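Peer 1: Residue numbers (our numbering): 262 to 408.
Just so you know, the hints here were simulated from the structure itself, not pulled from any lab data. In this text, all values refer to a predicted model and were calculated from it rather than measured experimentally. It is possible that part of the hints are untrue.
Unchecked claim - Cross-link-like lysine-lysine pairs, in silico, DSS-like; alpha carbons within 25 Å at most:
{"hint": "1", "residue 1": "K388", "residue 2": "K331"}
{"hint": "2", "residue 1": "K376", "residue 2": "K331"}
{"hint": "3", "residue 1": "K376", "residue 2": "K332"}
{"hint": "4", "residue 1": "K332", "residue 2": "K290"}
{"hint": "5", "residue 1": "K290", "residue 2": "K278"}
{"hint": "6", "residue 1": "K303", "residue 2": "K290"}
{"hint": "7", "residue 1": "K388", "residue 2": "K376"}
Unchecked claim - Cβ-Cβ distance ranges computed for the label pairs, FRET-style:
{"hint": "8", "residue 1": "P269", "residue 2": "A300", "range": "16 to 24 Å"}
{"hint": "9", "residue 1": "V363", "residue 2": "Y268", "range": "32 to 40 Å"}
{"hint": "10", "residue 1": "V353", "residue 2": "C286", "range": "39 to 47 Å"}
{"hint": "11", "residue 1": "A300", "residue 2": "M368", "range": "46 to 54 Å"}
{"hint": "12", "residue 1": "F292", "residue 2": "A340", "range": "41 to 49 Å"}
{"hint": "13", "residue 1": "C286", "residue 2": "C320", "range": "15 to 23 Å"}
{"hint": "14", "residue 1": "Q313", "residue 2": "T364", "range": "19 to 27 Å"}
{"hint": "15", "residue 1": "Q313", "residue 2": "Y268", "range": "15 to 23 Å"}
{"hint": "16", "residue 1": "R393", "residue 2": "N299", "range": "47 to 55 Å"}
{"hint": "17", "residue 1": "I342", "residue 2": "L308", "range": "19 to 27 Å"}
{"hint": "18", "residue 1": "F280", "residue 2": "V363", "range": "26 to 34 Å"}
{"hint": "19", "residue 1": "V266", "residue 2": "S362", "range": "28 to 36 Å"}
{"hint": "20", "residue 1": "N385", "residue 2": "A293", "range": "45 to 53 Å"}
{"hint": "21", "residue 1": "V266", "residue 2": "Q344", "range": "26 to 34 Å"}
Ideal Cβ positions, reconstructed from N, Cα and C, are used throughout, including at glycine.
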Amino acid sequence: MNHFVLYPELMNRNIPKSFLDVLSCWYAKYFAFVRWGNAVSKQFHLLAGVRQGGILSPCLFAIFIDSVIKKLRAVGYGAFICQFYFGCLLYVDDIILVCHSVTTMQMMLDICSQKANSHYFTFNTVKSVAMRIGPQYKYRLVLCHLY
Numbered sequence: 262m263n264h265f266v267l268y269p270e271l272m273n274r275n276i277p278k279s280f281l282d283v284l285s286c287w288y289a290k291y292f293a294f295v296r297w298g299n300a301v302s303k304q305f306h307l308l309a310g311v312r313q314g315g316i317l318s319p320c321l322f323a324i325f326i327d328s329v330i331k332k333l334r335a336v337g338y339g340a341f342i343c344q345f346y347f348g349c350l351l352y353v354d355d356i357i358l359v360c361h362s363v364t365t366m367q368m369m370l371d372i373c374s375q376k377a378n379s380h381y382f383t384f385n386t387v388k389s390v391a392m393r394i395g396p397q398y399k400y401r402l403v404l405c406h407l408y
């Protein structure tokens with residue numbers, strides 16, 4: 262999650278400037294280091310991601326990724342039950358895309374790819390799977406995992 266993409270998303274939701282200033286200052290001081298056995302690296306500045314275990318982290322990530330869901334819902338790709346959209350389900354950094362055909366699934370993946378490029382994040386293709394569900398298939402579902 263790129264912080265410079267997150268801030269405009271928060272501004273679009275009319276988050277108070279004072280909160281944005283605190284968040285910006287907090288993430289400006291976001292440093293990490295790598296420990297391997299007894300060796301420790303120098304500190305380095307992190308420009309992306311949220312604090313693991315942080316109380317705000319799930320909310321911030323949800324705001325960050327919400328534009329993907331809005332785009333998929335707006336174009337009408339994916340599963341709807343009554344007026345409710347179930348085409349893109351998320352839990353933490355896992356995304357499940359649900360649709361009725363392989364062609365629609367590809368269109369949904371194309372939208373996700375475009376959003377990933379514009380928001381500077383990637384999908385972990387090694388952890389991504391596709392399942393087919395139906396009379397002639399055991400499953401039809403795609404699970405994507407974000408980096």
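Peer 1: So, for every hint listed, does it hold in this structure?
Peer 2: Quick rundown of the hints versus the structure:
no. : hint                    : result
1   : K388 / K331             : 24 Å, holds
2   : K376 / K331             : 11 Å, holds
3   : K376 / K332             : 9 Å, holds
4   : K332 / K290             : 33 Å, violated
5   : K290 / K278             : 18 Å, holds
6   : K303 / K290             : 15 Å, holds
7   : K388 / K376             : 19 Å, holds
8   : P269 / A300: 16 to 24 Å : 39 Å, violated
9   : V363 / Y268: 32 to 40 Å : 37 Å, holds
10  : V353 / C286: 39 to 47 Å : 26 Å, violated
11  : A300 / M368: 46 to 54 Å : 47 Å, holds
12  : F292 / A340: 41 to 49 Å : 42 Å, holds
13  : C286 / C320: 15 to 23 Å : 18 Å, holds
14  : Q313 / T364: 19 to 27 Å : 37 Å, violated
15  : Q313 / Y268: 15 to 23 Å : 20 Å, holds
16  : R393 / N299: 47 to 55 Å : 49 Å, holds
17  : I342 / L308: 19 to 27 Å : 39 Å, violated
18  : F280 / V363: 26 to 34 Å : 43 Å, violated
19  : V266 / S362: 28 to 36 Å : 31 Å, holds
20  : N385 / A293: 45 to 53 Å : 20 Å, violated
21  : V266 / Q344: 26 to 34 Å : 30 Å, holds
Violated hints for the displayed structure, listed by number in ascending order: 4, 8, 10, 14, 17, 18, 20.
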